[in-house]
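Start from the sequences and build out the full structure, keeping to the hints where you can.
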Amino acid sequence: RKEVEQDPGPFNVPEGATVAFNCTYSNSASQSFFWYRQDCRKEPKLLMSVYSSGNEDGRFTAQLNRASQYISLLIRDSKLSDSATYLCVVNGLVMDTGRRALTFGSGTRLQVQP
Amino acid sequence: NAGVTQTPKFQVLKTGQSMTLQCAQDMNHNSMYWYRQDPGMGLRLIYYSASEGTTDKGEVPNGYNVSRLNKREFSLRLESAAPSQTSVYFCASSEEGGSTEAFFGQGTRLTVV
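Going line by line, the protein sequences match chains A and B.
Position one of the first sequence corresponds to residue 1 (our numbering), numbered consecutively onward.
Position one of the second sequence corresponds to residue 115 (our numbering), numbered consecutively onward.
Careful, some of the hints might be misleading.
Said to hold, decoys possible - Distance condition first, Cα-Cα at most 25 Å in a straight line; then the derived DSS-like pairs of lysine-lysine:
no.	chain 1	residue 1	chain 2	residue 2
1	B	Lys123	B	Lys185
2	A	Lys79	B	Lys185
3	B	Lys123	A	Lys42
4	A	Lys79	A	Lys42
5	B	Lys128	B	Lys185
6	A	Lys2	A	Lys45
7	A	Lys42	A	Lys2
8	A	Lys2	B	Lys171
9	B	Lys185	B	Lys171
10	A	Lys45	B	Lys185
11	A	Lys45	A	Lys79
12	A	Lys45	B	Lys128
Hints are computed from structural coordinates only; laboratory data are not their basis.
Structure (structure tokens):
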């Protein structure tokens, strides 16, 4: 089982729509959670960190459910410029070392259409 | 601000050739990472370094070696390139253990023919 799992999509939505992505993680000891955005053939960049109490940044809302081990990202009023791949990221354990490193989901592709 | 500098940006190798991907960061981060990304897949961890002098295998280490030369630099070496290593490689750095945001280099697009 992958440490971090996401629905690959693609999600095709019209401009102005609200879209939600979910992500599940397997390691209950994970401590930090993030959503990254990756544009085609570019490096990933931080979209937002995810806090236990939930957090919002403009049109973007992130939620963390530790009991169910899932993270969500809600995008309201989608723009054409939101078209990208969204990566769920967790600081999980590196194989058998006991040390932590950032583990990425496979990403969910979003295409916002005019 | 330089952030994470990764070289080269593009490389074509013949099967069996060797090469080293270079990565340097100027943010005084302890943790550095090498990932590979294949079409339709997320980033898979190749090797990780929690601090200078420490390196650990990630999910897909076979065929690669790394060196954490100092706190700034973390290189990835392919000793004998194979077509299966055709991929986009990203170097990243973060505060210890990935507790905060990771910063990425621009990636190396490697083709092995």
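Consistency of the hints with the structure:
1. For the proposed pair Lys123 of chain B and Lys185 of chain B, the alpha carbon gap of about 22 Å is at most 25 Å, so the pair holds.
2. Pair hint Lys79 of chain A plus Lys185 of chain B does not hold up; C-alpha atoms about 40 Å apart against a cutoff of 25 Å.
3. Of the supplied pair hints, the one linking Lys123 of chain B and Lys42 of chain A holds, its CA atoms being roughly 11 Å apart against a limit of 25 Å.
4. Restraint check for Lys79 of chain A and Lys42 of chain A: the C-alpha separation of about 19 Å stays at or below 25 Å, so the hint holds.
5. Restraint check: the Cα-Cα separation between Lys128 of chain B and Lys185 of chain B comes to about 32 Å, which exceeds 25 Å; the hinted pair is violated.
6. Distance restraint check for Lys2 of chain A and Lys45 of chain A: the Cα-Cα separation of roughly 22 Å lies within the 25 Å cut-off, and the hinted pair is therefore satisfied.
7. Between the alpha carbons of Lys42 of chain A and Lys2 of chain A the distance comes to roughly 24 Å, so the proposed pair stays at or under 25 Å and holds.
8. Using a Cα cut-off of 25 Å, the hinted pair Lys2 of chain A and Lys171 of chain B holds, with the two alpha carbons roughly 17 Å apart.
9. Only pairs whose Cα atoms come within 25 Å are accepted, and Lys185 of chain B paired with Lys171 of chain B is accepted, the gap being roughly 18 Å.
10. Distance restraint check for Lys45 of chain A and Lys185 of chain B: the Cα-Cα separation of roughly 22 Å lies within the 25 Å cut-off, and the hinted pair is therefore satisfied.
11. Proximity of Lys45 of chain A to Lys79 of chain A is assessed by CA-CA distance (about 18 Å); at most 25 Å being required, the pair is judged to hold.
12. Restraint check for Lys45 of chain A and Lys128 of chain B: not satisfied, since their Cα atoms lie roughly 32 Å apart, outside the 25 Å limit.
Of the numbered hints given earlier, the model fails hints 2, 5 and 12; all others are met.
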